[in-house]
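Trainee: Residues per chain, in single letters:
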Amino acid sequence: MKVGLFIPCYVDAAFPEVGVASLRLLRYLGVDVDYPEGQTCCGQPMANAGYEKDAEPLIHKFGGLFAGYDYVVAPSVSCTAFIRMNYPRHKCRVNAVDIVEFVHDVLRPAGPLGRFPHKVSLHNSCHGVRELGLSSPSEQNIPQFNKIRDLLSLVEGIQVLEPERKDECCGFGGLFSIEESAVSRQMGCDKIRRHAATGAEFVTGPDSACLMQLSAAARRLGIDMGFKHVVEILAAGL
Amino acid sequence: MSTQHSKKAAAFLKNQEYTAWHDATFWGVRVGRDNMAMGLEEWEQLRQKASEIKLHTLSHLDKYLEQFAGNAAKNGVKVHWAADADEFNSIVLDILTGSGVKKMVKSKSMLTEECGMNPYLEAHGIEVVETDLGERILQLKGQAPSHIVMPAIHLSHHDVGELFEQKGISEGKGNHDPTYLTYRARLSLRKEFLSAGAGMTGANFGIASTGEIVVCTNEGNADMSTSIPKLQISAIGLEKIIPDYDSLAVFQRMLCRSGTGQPTTSYTSFFRKARCADGEFHIILVDNGRTQWLQNPAHWELLKCIRCGSCMNTCPVYRRSGGYSYSYFIPGPIGINLGMLRSPEEHQGNLSACTLCGSCQCVCPVKIDLADQIYAWRQEWPAAGKKLICSVMNAVYKNEGIYRNFTGIAHLANILPAPWLPFYLRFPRKPFHSLAHDEL
Ligand code: SF4
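Residue numbers (our numbering), protein chains in the order written: chain A, 1370 to 1607; chain B, 54 to 493.
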């Protein structure tokens, strides 16, 4: 099984600890993971803004770099979803999986993972819920499940809570946050208030962009909470 | 970078108390809808079935339209075809003037809103009285609907109380109790029903196999509008035709559950023929762009919409920006899309009003991929304001040398004040790709 790690541009530049935790977690679980050099961005920010065509060279560059991998694993649901939903249109075959999916569905660890003796509020990022199927969308009448929660249950000492409106959007949305800054800010503030209302010390989720949006809202409102990507918790202390 | 929508949304959000109320109200409707959806084991199967029926009907629309019109004619109904809004309005006017009608009562119809019928008729000396309570309130206030199912929900009972005092519908002052206001509205509408020369309805469905119009209301006002005058007119968009009662059974179970969170509307009325021997029943089938949209390979499935309104209720942006922040008369996810079908030049300023969260396409009872459609429109009509930033990002990401330089020195940007660097973003000294070597 050939596994390549994709660390999206914003994680690379602003949240390197998420990349480090991803590597540690995968290696702890016995995966011989590659990190192909020269990777940058999957093209999502430009495409969501309406410039998918202009991002085509980037899409093909990405496809070339990750050709030949059985799985391209990334700690970002929105990038993974973008690749899965849109690359086929450009005849670009990349088997992108989010790290939560990969660990949950492919590696299926039974034993304990990290140790994190805290109360956390789970942020179910939209693209994880509705495009990758990490959890059952609150809108649909299907059996309830949550892969992130399943994995977090393997972490020692953790208490996992969910906010009211468990999968309402945080309002980041890439360039949406700039173009519709007022609505974006309102959504972020509403969302962090609900996370805070659970009484948790941390918010955790599968996408650093959502966490960044929420941490901005927390600072605006003077809410004192920590923010950890799911992999940081799964790999805590490993 | 701001858009038509974002500017209006920012103004809406200034009133925080109202925003919180607006968001909570529509979220409440969404919760009601969820309770209904979760209460039917076969909900997801129904959605699939509903979508398939619509796809089938729309791809055989010529056949079903002919069947519908033929059956309606057999029932003694006068069937008219309107190519566009102007033709629709003049057909209505001709029917009314032909019978010497001066006043028409009508139940709710977004189609007449779309065609601008009320102002047209009024300009020709015909009084039009809305009888849906929400629509009546808006008519008295001179406003347009802010939602397709609950048109006046943006107003409080105090707003309505004051309006009724001004218009002489209430007696005295200060009684803003909703039950009282409804009672007063009912009394005043009674007079209108009794004195109108014609009654008009919209249509939720047209049944091809019987030629009937089906109207779903909670107030029974469609029945009142058509039970007293001898002349009835129903306006229906071409896409509202469905094959038969079996298909109606699927949609009838979903429409109200999705829209208001009730198991059914209080009234599901079937109109087949003129109500008395000397009465007349006219059905006007309206195209107004629909046959052209049907030929749009990327967006024709938008015509599946049954106008339940649930995509608005769930939309986190709609709930926090209100119906009037959109430039098209239909707001929310479906409105963004239908506005683009109508006139991209005029309505592309709504495309920003979406985070692509996808909640709308998970609630839609006919499974329209609303968010994916918005994504597609953004590709077809890329916003000029975002071109520069996208070009810069593309240039940086395409060349890993530049990318490395950028990310390597990104931490130097930490000293920049907002808005150059948002206060919540701080770059570490080393990006991941520099750390990876030590880790591997
Ligand atoms: S698009 Fe779907 S959810 Fe929205 S109004 Fe139409 S039928 Fe309802």
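These are calculated hints, taken from the structure and not from any lab test. Values in this document were obtained by computation on a predicted structure and should not be read as measured data. Positions of the beta carbon are idealized from the N, C-alpha and C atoms, including for glycine. Among these hints, one or two may not hold up.
Said to hold, decoys possible - Now the in silico label distances, taken between C-beta atoms and shown as ranges:
#, chain 1, residue 1, chain 2, residue 2, range
1, B, Pro316, A, Glu1525, 29 to 37 angstroms
2, A, Arg1562, B, Asn467, 21 to 29 angstroms
3, B, Asn452, A, Lys1460, 37 to 45 angstroms
4, B, Gln432, A, Gln1513, 50 to 58 angstroms
What the hints assert, rightly or not - Keeping only pairs whose Cα atoms sit at most 30 angstroms apart, straight-line, the calculated DSSO-like set for lysine-lysine is:
#, chain 1, residue 1, chain 2, residue 2
5, A, Lys1422, B, Lys131
6, A, Lys1535, B, Lys102
7, B, Lys116, B, Lys440
8, B, Lys451, A, Lys1422
9, A, Lys1535, B, Lys61
10, B, Lys67, A, Lys1535
11, B, Lys357, B, Lys156
12, A, Lys1460, B, Lys283
13, B, Lys156, B, Lys116
14, B, Lys156, A, Lys1371
15, A, Lys1422, B, Lys440
16, A, Lys1460, A, Lys1488
17, B, Lys420, A, Lys1516
18, B, Lys67, A, Lys1422
19, A, Lys1460, A, Lys1371
20, A, Lys1488, A, Lys1535
Trainee: Would you mind marking each hint as holding or not holding in the structure?
Mentor: For each hint, the structure was consulted:
Separated by about 46 angstroms at the C-beta atoms, proline 316(B) and glutamate 1525(A) break the suggested range of 29 to 37 angstroms. Separation of arginine 1562(A) from asparagine 467(B) is about 28 angstroms and conforms to the stated range, judged on CB atoms against 21 to 29 angstroms. The supplied range of 37 to 45 angstroms is broken by asparagine 452(B) and lysine 1460(A), whose beta-carbon atoms lie about 23 angstroms from each other. Here the CB-CB span from glutamine 432(B) to glutamine 1513(A) is close to 35 angstroms, at odds with the stated 50 to 58 angstroms.
Using a Cα cut-off of 30 angstroms, the hinted pair lysine 1422(A) and lysine 131(B) is violated, with the two alpha carbons roughly 51 angstroms apart. Among the hinted pairs, lysine 1535(A) with lysine 102(B) is consistent with the structure: their alpha-carbon atoms are about 28 angstroms apart, no more than 30 angstroms. The straight-line distance between the Cα atoms of lysine 116(B) and lysine 440(B) is roughly 45 angstroms, outside the 30 angstroms bound, and the hint therefore fails. Between the alpha carbons of lysine 451(B) and lysine 1422(A) the distance comes to roughly 14 angstroms, so the proposed pair stays at or under 30 angstroms and holds.
Between lysine 1535(A) and lysine 61(B), the direct Cα distance comes to roughly 28 angstroms. Compliance with the 30 angstroms bound is thereby established for this hinted pair. A distance of roughly 26 angstroms separates the Cα atoms of lysine 67(B) and lysine 1535(A); the hinted pair therefore holds under the 30 angstroms criterion. For the hint pairing lysine 357(B) with lysine 156(B), the CA-to-CA distance comes to about 34 angstroms; that exceeds 30 angstroms, so the pair is violated. Of the supplied pair hints, the one linking lysine 1460(A) and lysine 283(B) is violated, its CA atoms being roughly 62 angstroms apart against a limit of 30 angstroms.
Simply put, lysine 156(B) and lysine 116(B) have alpha-carbon atoms about 36 angstroms apart, too far for the 30 angstroms limit, and the pair is violated. Taking the CA atoms of lysine 156(B) and lysine 1371(A), the gap is about 76 angstroms. The hint is violated against a cut of 30 angstroms. Under the criterion of a C-alpha separation no larger than 30 angstroms, the hint pairing lysine 1422(A) with lysine 440(B) is consistent with the structure, at around 12 angstroms. A hinted pair counts as satisfied when its Cα atoms are at most 30 angstroms apart, and lysine 1460(A) with lysine 1488(A) does not qualify at roughly 44 angstroms.
About 25 angstroms separates the Cα atoms of lysine 420(B) and lysine 1516(A), which keeps this hinted pair within 30 angstroms; it holds. Taken as a hint, the lysine 67(B) and lysine 1422(A) pair is broken in the structure, with Cα atoms around 37 angstroms apart against an allowance of 30 angstroms. Between lysine 1460(A) and lysine 1371(A) the CA atoms are separated by roughly 21 angstroms; this keeps the pair inside 30 angstroms, and the hint holds. The suggested pairing of lysine 1488(A) with lysine 1535(A) holds, with an alpha-carbon distance near 16 angstroms, which does not exceed 30 angstroms.
Of the hints listed earlier, those the structure fails to meet are numbers 1, 3, 4, 5, 7, 11, 12, 13, 14, 16, 18, in rising order.
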